[in-house]
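Visitor: Sequence:
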Amino acid sequence: IHDSFVKDPKAPYYIGTLVTYKRGDTEYEVIDGQQRLTTIYIILKVLGINNLKNKLTYSARQVSASTIANLDNYPNLGENVDDGIKNGYKYAENACKDYVEDSEQDAFRQYFLNNVHLIRYEVPKDVDLNHYFEVMNSRGEQLEKHEIVKSLLSQYLDEKTERTTFSRVWEACSEMDMYIQQCFSDKSVFGNSMDSFKIEDFEGIPKQEGSEGKKSISKFLKGTIDEAEDDTYIERNDKFQPIIDFPNFLLIVLKLTRMSYYGFDPTDFTLDDKELLNEFTEAIKDVEGKTEFAKLFCFNLLKAKYFLDNYVVHHTLSATETVGDNPWKLQYYYKESADRQYPKNLSTDDNDVQKELVHLLSMFEVSFTPKQRKNYLFYCMLFLFKKCKVKDYLEFLQRLANKYFVDVYMNPDNLTDRNQPKPNAFDYAVLRDGELNVYDFDGAGYRERFEKIYQQGRADIPLFVFNFTDYLIWRKYADEIRGEKTRKDSSSRKEFFNALGCSD
1115 IHDSFVKDPK
1125 APYYIGTLVT
1135 YKRGDTEYEV
1145 IDGQQRLTTI
1155 YIILKVLGIN
1165 NLKNKLTYSA
1175 RQVSASTIAN
1185 LDNYPNLGEN
1195 VDDGIKNGYK
1205 YAENACKDYV
1215 EDSEQDAFRQ
1225 YFLNNVHLIR
1235 YEVPKDVDLN
1245 HYFEVMNSRG
1255 EQLEKHEIVK
1265 SLLSQYLDEK
1275 TERTTFSRVW
1285 EACSEMDMYI
1295 QQCFSDKSVF
1305 GNSMDSFKIE
1315 DFEGIPKQEG
1325 SEGKKSISKF
1335 LKGTIDEAED
1345 DTYIERNDKF
1355 QPIIDFPNFL
1365 LIVLKLTRMS
1375 YYGFDPTDFT
1385 LDDKELLNEF
1395 TEAIKDVEGK
1405 TEFAKLFCFN
1415 LLKAKYFLDN
1425 YVVHHTLSAT
1435 ETVGDNPWKL
1445 QYYYKESADR
1455 QYPKNLSTDD
1465 NDVQKELVHL
1475 LSMFEVSFTP
1485 KQRKNYLFYC
1495 MLFLFKKCKV
1505 KDYLEFLQRL
1515 ANKYFVDVYM
1525 NPDNLTDRNQ
1535 PKPNAFDYAV
1545 LRDGELNVYD
1555 FDGAGYRERF
1565 EKIYQQGRAD
1575 IPLFVFNFTD
1585 YLIWRKYADE
1595 IRGEKTRKDS
1605 SSRKEFFNAL
1615 GCSD
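If you want the working numbering, it's the position in the sequence shown, counting the first as 1, plus 1114.
To be clear, the hints were calculated from the coordinates, so they are not data collected in a lab. Quantities reported herein were computed from a predicted structural model and do not represent experimental measurements. Any given hint could turn out to be false.
Claimed, not checked - Pairs of lysine-lysine residues, derived as DSS-like cross-links and limited to a Cα-Cα distance of at most 25 Å, are as follows: (1) Lys1500 to Lys1301; (2) Lys1274 to Lys1259; (3) Lys1485 to Lys1264; (4) Lys1301 to Lys1458; (5) Lys1353 to Lys1458; (6) Lys1159 to Lys1204; (7) Lys1274 to Lys1239; (8) Lys1536 to Lys1121; (9) Lys1301 to Lys1321; (10) Lys1469 to Lys1353; (11) Lys1312 to Lys1505; (12) Lys1159 to Lys1124; (13) Lys1536 to Lys1124; (14) Lys1259 to Lys1404; (15) Lys1449 to Lys1503; (16) Lys1517 to Lys1536; (17) Lys1264 to Lys1443; (18) Lys1443 to Lys1501; (19) Lys1443 to Lys1500; (20) Lys1388 to Lys1274; (21) Lys1517 to Lys1469; (22) Lys1388 to Lys1399.
Build out the structure end to end from the sequences listed, making use of the hints.
Guide: Next comes the structure, spelled out in C-alpha cells:
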C-alpha cells in the first residue's frame, strides 16, 4: 500500500473482496475475508483512526472480540488477550514506523482512508449459507501469476519446438530447491562435469520435441513405466532451502533482461512479486521484437538459475540437519561419473576465499531476508553474467558491501527519517549508465558521518549496519589474529582489541 502511495498518492489501491451476509438493519456477517478485514481494522487503529462508526466484533470468539474492542487502549488490552491480534498490532505499528516517514504520516493516513478500497459483495437473503460455504471450500486452485507470465511470453514463440523448449526451461527453473543441473541434465549446456555454463543464447538450448512437456491420458495408458534411477550421493541430499521464490526470481531475470535494452530505467522497476504481471506486461509492451525478447528471457532464466544455485549461499538439508541449525552452504554441482555426483565448495583451492565468500553472501542474505526486493542478488547476477571467476566475484562482493555501507547507509540523502533506505536508493548508488559502479565511493570522514547519522542511544540502526560491522570485525580478526598462537596477554591481541575499543 505504501509503495502505491509513493508512486501515485491519488491512485486507488484495491486489496481484494469482502463477502457479507446481512443479519439485521445494521449488522453484517463476514462470509469471506475475515482476515483481510481484521488486518485493515488493526492498521486503522495503528494510524490513530479511532471512534469508527462501524465496529468489528466476533460473535463466537469472546477473547478476540474483547481484544479488538480494546485496541484504542493498546497495550492495555485487558486480562484475556488474543495474542494473534496483539502481535498483529505490534507488527503493523513497527511496519508503519519503518515505511511511513514522519513528514508523510497525515498524507498516508488520508490515502489509507480514501484511496484503499475493498470490493464488497452481499450474499442474497435467500441463499443457503451451508451450500455457499461448500462451494467456496471446493474451489480449485487459482491460476498463479507466474503461470500467466509463462503464457504471455510463450505466445510470441512461433515454432512448436521453441514453445516446448521454453516450457522445459521454465519448469526446470521453477524447481527452486534443487540444482538446475539435476532438473535440466544436459552436457551440451553444463559440460561433461555439469559444473559450467557453455551455451551463448537461446539457440544453444537443446530443442525439446513433443507437446510442451504434456502427455495425454491415452499416451500414459499405452506407455511403459520408467524405472527409477539408482540413488547417488547427491540425490539423497539434493534439497536445499532457496533464498528466493520463483515469482521474485522471475523479476530479477526480467530486470537483467531489460538492462540490455536501450531506454530502460532500472530505478523505475520494482522487485516485488505483487508487481509481477505489471512489470512483465510493461516490458512486453515496450519492446519491438517480442519473439527475440521471449527467447532472450528464456536463456537468461536458465543462466541465472545456474548462478543462483551454484554461486549463491543456501541451506542444504540432510537427515541430521534441521532448518534451525543448518549452516550456510556455498557449493556447486559436480558430476564425477555416471553414478557419482556431489556438491563441492565454490572455492576449491583456497579455503580462506571460500570462508569470506560465505560470510559476505550470508551477511547480505540475513540483512535482506524477505523474498522481495533482493537488490543485492540482482547485482550479483548482473556481475556473474559477465565475470564468474571466484576471486573476481569475491572482490566484487567486498566492494558491493562497501558501496552499500558508504553510499547508502552513510548518506543521509538515501535514508528516511528512521534510517531505512529510500525507494531505489540501492540502484541510484550501485548503477551508473546501466552498468555496475562499485569501485567509486568516498569513505572519507566515515567516523564523523556515522556518529552523526547513528547517534548513541538511537534504536533505528539498520540490520545491515550491524551485520557489516560484524563482517569487518571478522575480517580484521582473520587478517591479524586467526592462525596465530597468541596468548590472552600478548601484544598482538591487545592491539587487536584496543583497536575495537574493548577488552579481550
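Visitor: Taking the hints in turn, state whether each one holds.
Guide: Right, here's what the structure says about each hint:
1. Lys1500 to Lys1301: Holds - the C-alpha atoms of Lys1301 and Lys1500 are around 21 Å apart, at most 25 Å.
2. Lys1274 to Lys1259: Within the cut-off at roughly 23 Å; holds.
3. Lys1485 to Lys1264: holds, 20 Å
4. Lys1301 to Lys1458: holds, 18 Å
5. Lys1353 to Lys1458: OK: Lys1353 and Lys1458 at ~15 Å, within 25 Å.
6. Lys1159 to Lys1204: holds, 11 Å
7. Lys1274 to Lys1239: Violated - the C-alpha atoms of Lys1239 and Lys1274 are around 51 Å apart, more than 25 Å.
8. Lys1536 to Lys1121: Distance ~13 Å between Lys1536 and Lys1121 Cα, so the pair holds.
9. Lys1301 to Lys1321: holds, 13 Å
10. Lys1469 to Lys1353: Within the cut-off at roughly 22 Å; holds.
11. Lys1312 to Lys1505: With a Cα-Cα distance of about 20 Å, the restraint between Lys1312 and Lys1505 holds, given a limit of 25 Å.
12. Lys1159 to Lys1124: holds, 22 Å
13. Lys1536 to Lys1124: Given pair Lys1536, Lys1124 holds - Cα atoms ~20 Å apart, limit 25 Å.
14. Lys1259 to Lys1404: It holds: about 20 Å lies between the C-alpha atoms, which stays within 25 Å.
15. Lys1449 to Lys1503: Measuring from Cα to Cα gives roughly 20 Å; hence the hint holds.
16. Lys1517 to Lys1536: holds, 15 Å
17. Lys1264 to Lys1443: The given pair, whose Cα atoms are some 31 Å apart, is violated under the 25 Å limit.
18. Lys1443 to Lys1501: holds, 21 Å
19. Lys1443 to Lys1500: The hint holds at about 23 Å.
20. Lys1388 to Lys1274: violated, 31 Å
21. Lys1517 to Lys1469: Between Lys1517 and Lys1469 the Cα gap is close to 21 Å, so the pair holds against 25 Å.
22. Lys1388 to Lys1399: holds, 19 Å
Consistency with the previously given hints fails for numbers 7, 17, 20, ordered from lowest to highest.
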